[in-house]
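A.B. asks: Protein sequence lines, in the order shown, are assigned to chains L and E.
With the working numbering, the residue at position 43 of the first sequence is 43, and numbering never jumps.
With the working numbering, the residue at position 84 of the second sequence is 84, and numbering never jumps.
Quick caveat, the hints were computed from the structure, so don't treat them as lab data.
Do not rely on the hints blindly, as some may be mistaken.
[Claimed, not checked] In silico EDC-like pairs for lysine to aspartate or glutamate, Cα to Cα no more than 16 Å straight-line:
#	chain 1	residue 1	chain 2	residue 2
1	L	Lys42	E	Glu20
2	E	Lys31	L	Glu141
3	L	Lys56	E	Asp188
4	E	Lys31	L	Asp49
5	L	Lys167	E	Glu72
6	L	Lys56	E	Glu186
For reference, the chains in residue letters:
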Amino acid sequence: MSGTQSSGAPPRKRDELYETAIREFGRALDRLAAGYEADPEKRHDLRQDIHFQLWKSFEVFDGRCSLKTWTFRVAHNISVSYVNRERRKNTDFVGLEEIERTARGDAREPDIDHERALRQLWQFVRQLKPLDRQIMICHLEDMDAAAIAEITGLSPANVGMKIHRIKNILSGRFLEEKRYV
Amino acid sequence: MSDQTSAKDPGAIWRNQPEERLAMNLEQIVKRRREELSSSTRSEILMSIGAALLFVTVVAWRIAPLHDRLPEIGFGAVLAWAVISLYWFRHRIWRRNSSRPDAVAAAGAEYYRKELEQRRDHLRNPWLWHGPLFLACAVLVAILAAETFRGYQDLRNVLPLVVLLVVWTGYGVWRRRRQARELQLEIDEMSLTALK
Numbered sequence: 001m002s003g004t005q006s007s008g009a010p011p012r013k014r015d016e017l018y019e020t021a022i023r024e025f026g027r028a029l030d031r032l033a034a035g036y037e038a039d040p041e042k043r044h045d046l047r048q049d050i051h052f053q054l055w056k057s058f059e060v061f062d063g064r065c066s067l068k069t070w071t072f073r074v075a076h077n078i079s080v081s082y083v084n085r086e087r088r089k090n091t092d093f094v095g096l097e098e099i100e101r102t103a104r105g106d107a108r109e110p111d112i113d114h115e116r117a118l119r120q121l122w123q124f125v126r127q128l129k130p131l132d133r134q135i136m137i138c139h140l141e142d143m144d145a146a147a148i149a150e151i152t153g154l155s156p157a158n159v160g161m162k163i164h165r166i167k168n169i170l171s172g173r174f175l176e177e178k179r180y181v
Numbered sequence: 001m002s003d004q005t006s007a008k009d010p011g012a013i014w015r016n017q018p019e020e021r022l023a024m025n026l027e028q029i030v031k032r033r034r035e036e037l038s039s040s041t042r043s044e045i046l047m048s049i050g051a052a053l054l055f056v057t058v059v060a061w062r063i064a065p066l067h068d069r070l071p072e073i074g075f076g077a078v079l080a081w082a083v084i085s086l087y088w089f090r091h092r093i094w095r096r097n098s099s100r101p102d103a104v105a106a107a108g109a110e111y112y113r114k115e116l117e118q119r120r121d122h123l124r125n126p127w128l129w130h131g132p133l134f135l136a137c138a139v140l141v142a143i144l145a146a147e148t149f150r151g152y153q154d155l156r157n158v159l160p161l162v163v164l165l166v167v168w169t170g171y172g173v174w175r176r177r178r179q180a181r182e183l184q185l186e187i188d189e190m191s192l193t194a195l196k
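Next comes chain L alone, as it looks inside the complex (with noise of 0.2 Å):
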């Protein structure tokens, strides 16, 4: 993303910026407001959010970063704290840690199918704590490590621990033994 990069993007570039943003990301930012928002309404209002504060965003982008990393910690920003917000009408979120305790033996059904796998994944995406989701989510859009670390803001470190137990987990619940175990 070499060519998005800038010292401070003026208004034109912003809406550029933003325009390249959605064509490039624009699906994976749907696929991840899914993994906040299950109420097909509320989920609307929270990608019109994360659109929004995405564009105005690039006002201040200086390019110290590549514009998919922006855009995602951008967008996990937004849908974190909407989370927090609503956090009081959900159940409470679990960790990695708790699922990997708890997931053995479970949910395996090997002629899973498409649809009733994605919810499956969806529910399972839900239920993380906040930080975990993003990681979650980050993984399954099949980024690296150290994109992810760049994202969160965590040790690549502690992202390959993390990433290490998404795959240990999603091996028990999806048996997708080759790529994942």
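We have chain L already, so just place chain E on it with the hints.
C.D. replies: Same frame as chain L, now just chain E:
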């Protein structure tokens, strides 16, 4: 990737989610935000004027001495200020400025920035939009200080309302000044890069 494989690959399942039915439209989002800001301003103006009118009504009814020039002048001034405020803020209350050609033709950022600036100016000027309520408070103080005031018993009749309004006014001023500071930060952020 076969269906069987993708059904077992969480990453593939995740990335192959069905698309959202409703597309995002930035212009509409910005417009909605702008309307939310306008709506907040409008309800604050009406609340302030309403509170002032309620306040003077209760004071006049419960403790103001009958046929006394001071409260009569004071209440008249509050009513006049309320009417002037309604006139002054008429565009904000009835949203007439939303159709101004220069506003709708402005770029998204400029359009939004104008609303931020208007709201900031509004919040920074409590003497104007809270004027009737401040004046009502001043009238009450004047009544209490006047020789014709009949004493503590009358005051006790309205004390809860007075306390409530004083707290509400104080909190409102503090909260709006804070909002004005936050808006200024947002405007500064937008202006910073626009100048480059």
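A.B. asks: Under the criterion that the straight-line Cα-Cα distance not exceed 16 Å, is the pair lysine 42 of chain L, glutamate 20 of chain E satisfied?
C.D. replies: holds, 13 Å
A.B. asks: Between lysine 167 of chain L and glutamate 72 of chain E, does the CA-CA distance stay at or below 16 Å?
C.D. replies: violated, 78 Å
A.B. asks: Taken at face value, is the distance from the CA of aspartate 49 of chain L to the CA of lysine 31 of chain E at most 16 Å?
C.D. replies: OK: lysine 31 of chain E and aspartate 49 of chain L at ~13 Å, within 16 Å.
A.B. asks: Keeping to a limit of 16 Å between CA atoms, is the pair of lysine 56 of chain L and aspartate 188 of chain E held or broken?
C.D. replies: holds, 12 Å
A.B. asks: Between lysine 31 of chain E and glutamate 141 of chain L, does the CA-CA distance stay at or below 16 Å?
C.D. replies: violated, 32 Å
A.B. asks: For the pair supplied as a hint, lysine 56 of chain L and glutamate 186 of chain E, is the alpha-carbon distance within the 16 Å limit?
C.D. replies: Answer holds: lysine 56 of chain L to glutamate 186 of chain E is near 9 Å, not above 16 Å.
Violated hints, listed in ascending order, are 2 and 5; each of the other numbered hints is respected by the structure.
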